[in-house]
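Asker: Next come the chains, spelled out residue by residue.
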Amino acid sequence: MRFEGKTAVVTGGSRGIGRACVARLANEGAQVALIYHSNQQAAESLVAELQSAPGKVRALQADVRDLQRAHQLIDPLFEEWGHIDVLVNSAGIVRDGLLGAMTAEQWREVIETNLGGAFSYCHAVTQPMMMMRRGSIVNLSSTSAEFASRGQVNYAASKGGIDGLTRALAKELAPRNIRVNAVAPGMIETDMSQVVRGIAGDQIKKAIPLKRFGKPEEIAAVVAFLASDEAAYLTGQVLRVDGGLSLGGY
Amino acid sequence: MPTKDEVFQKIQTALVDALGVDEEDVKPEATLVGDLGAESIDFLDIVFRLEKAFDIKIPRGELFPEDILTDSKYVQDGKVTEHGLSELRQRMPFANLDEFSKNPVVQDFGNLLTVADMCRFVEGKVEVTD
Chain A
0 MRFEGKTAVV TGGSRGIGRA CVARLANEGA QVALIYHSNQ QAAESLVAEL QSAPGKVRAL
60 QADVRDLQRA HQLIDPLFEE WGHIDVLVNS AGIVRDGLLG AMTAEQWREV IETNLGGAFS
120 YCHAVTQPMM MMRRGSIVNL SSTSAEFASR GQVNYAASKG GIDGLTRALA KELAPRNIRV
180 NAVAPGMIET DMSQVVRGIA GDQIKKAIPL KRFGKPEEIA AVVAFLASDE AAYLTGQVLR
240 VDGGLSLGGY
Chain B
0 MPTKDEVFQK IQTALVDALG VDEEDVKPEA TLVGDLGAES IDFLDIVFRL EKAFDIKIPR
60 GELFPEDILT DSKYVQDGKV TEHGLSELRQ RMPFANLDEF SKNPVVQDFG NLLTVADMCR
120 FVEGKVEVTD
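Heads up: the sequence lines are chains A and B, in that order.
Once you know that position 228 of the first sequence is 227 in numbering that gives the first Met the number 0, the rest is easy, because the numbers rise by one and skip nothing.
Once you know that position 15 of the second sequence is 14 in numbering that gives the first Met the number 0, the rest is easy, because the numbers rise by one and skip nothing.
Hints were generated in silico from the structure; no laboratory data involved.
Any given hint could turn out to be false.
Stated by the list, open to error - Listed next, the in silico SDA-like pairs over lysine to any residue satisfying Cα-Cα at most 25 Å (straight line): (1) B:K9 with A:F118; (2) B:K51 with B:L84; (3) A:K170 with B:K9; (4) B:K124 with B:K72; (5) B:K51 with A:Q105; (6) A:K170 with B:G109; (7) A:K170 with A:R132; (8) B:K51 with B:L18; (9) A:K170 with B:S85.
What you are looking at is a predicted structure, and each value in this text was computed from that prediction instead of being measured.
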C-alpha cells in the first residue's frame, strides 16, 4: 500500500472531492485527519464508514480561515504522529453572482476560505515537513481559474490564487524535499456543482470531449498519485483533470 | 538550566541538521551565510530547530530581520538607512553591527551573523549557567 506508515491531513474532508481523498488515502494505508467545518454528521459518517480501512481516520473541526486554529490542530498531530507526510487542501466554497451585484462578504468568504484556508494549512505543516525533510502538499484548484465562467469572479480569483500559491511554494520548499502541486478539476459530480449542473448540465456535457462529468473518486486518484512517492519528481504543477474540457477548439 | 557549552552544542546540532555542514565547520566565528552557506529557507529551518531544541518561541524576524531588510522604510538604493540601522540595533542587541554600519549594503548583511551571535541570542532567551 502506497501510504502504509504515512500520515495525511485533508481539509474539506467531510464531503465532495475531499471526502473521496480521505477514503482513497485511508484505503491505501494512511492515517488521516479530516478537517471539517460545519457538517459534523457527514464527517462522523465518513469516519464510521472507514472504520475497517487499513488506515485510521479521525475528524477534527475547524474554520480553515483561522491560522491559529490550524496550528492548534497540526502541532499536536505532529507530536503524536512524529511526521506529517501529506496535506490535501480541499476546503472550498462558492458564493456565485455577477461582480457588480456581489457583496463584499461574498467576495471575502470565498477568497478567505478557498485561498486563505490553503495558506493556513500550508503554514501549519511547513515546520513539520521541513523538520522531516519530506512532504507532499496537494491543493485543489479548478479549471475555472483559467477558463472563465460568468458569475464566478470570486471563485475564479481564489483558484487562480491557488495556482500561484502552488508554484511559489513549490519553489520555496523544494530545497527541503517538499513537493507542492495542484489538481484543477473540471465539472465534477459534487454538492458544490449541483446547481450549475442542474441549470446548464447538458450544455456543459456537450463541451466535454469525454461527454460526462467527473466523479470525486477520479479526482482523488490523481491527488493520491501526486501525494505518493510515485510522483517524486513532480512539483509546482497544476494538473487539469476535466475530461478534456480545457482543450477548447472544435 | 543549560550551560553556555550546552547552548553552543545544541546550536551546532541545529546548524548541522539545517545546513548539512560538518560539525567542525560550525565554529563560533563562522558566519551563517558566508562560511556556512545559509539561504533564506535555511533561516526558517534554523528557527524551527532552535524553537524545538530550547523549547522557546522565536517570533519571525527576531533572529533574522528580513522584514527590516526588505522594507523601503529602512532601505534605500540597496543600503540600510540610519533609521534602518537603529531598528536593527534594537532588534539585534546580540549582534555587533559596527563594521556593517560603516558601509551598510543590504547584500552584505548575510555575512554579519555568526554562530557566536546565535549563541548570545539564545542565551538571552533561556537562563544559562557558566
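Asker: So, for every hint listed, does it hold in this structure?
Answerer: Here is what the structure says about each hint:
For a cut-off of 25 Å, the pair hint linking B:K9 to A:F118 is broken: about 31 Å separates their Cα positions. A hinted pair counts as satisfied when its Cα atoms are at most 25 Å apart, and B:K51 with B:L84 does not qualify at roughly 30 Å. Proposed proximity of A:K170 and B:K9 is contradicted: the alpha carbons are some 29 Å apart, above 25 Å. Restraint check for B:K124 and B:K72: the C-alpha separation of about 28 Å exceeds 25 Å, so the hint is violated.
Note on B:K51 and A:Q105: the hinted pairing is violated, with a Cα-Cα distance of about 40 Å set against a maximum of 25 Å. Between A:K170 and B:G109, the direct Cα distance comes to roughly 21 Å. Compliance with the 25 Å bound is thereby established for this hinted pair. With a CA separation close to 15 Å, the supplied pair A:K170 and A:R132 stays within the 25 Å bound. Restraint check: the Cα-Cα separation between B:K51 and B:L18 comes to about 16 Å, which is no more than 25 Å; the hinted pair holds.
A C-alpha spacing of about 33 Å is found between A:K170 and B:S85, which places the hinted pair above 25 Å, so the restraint is violated.
Checked against the numbered hints given earlier, this structure breaks hints 1, 2, 3, 4, 5 and 9; the rest are met.
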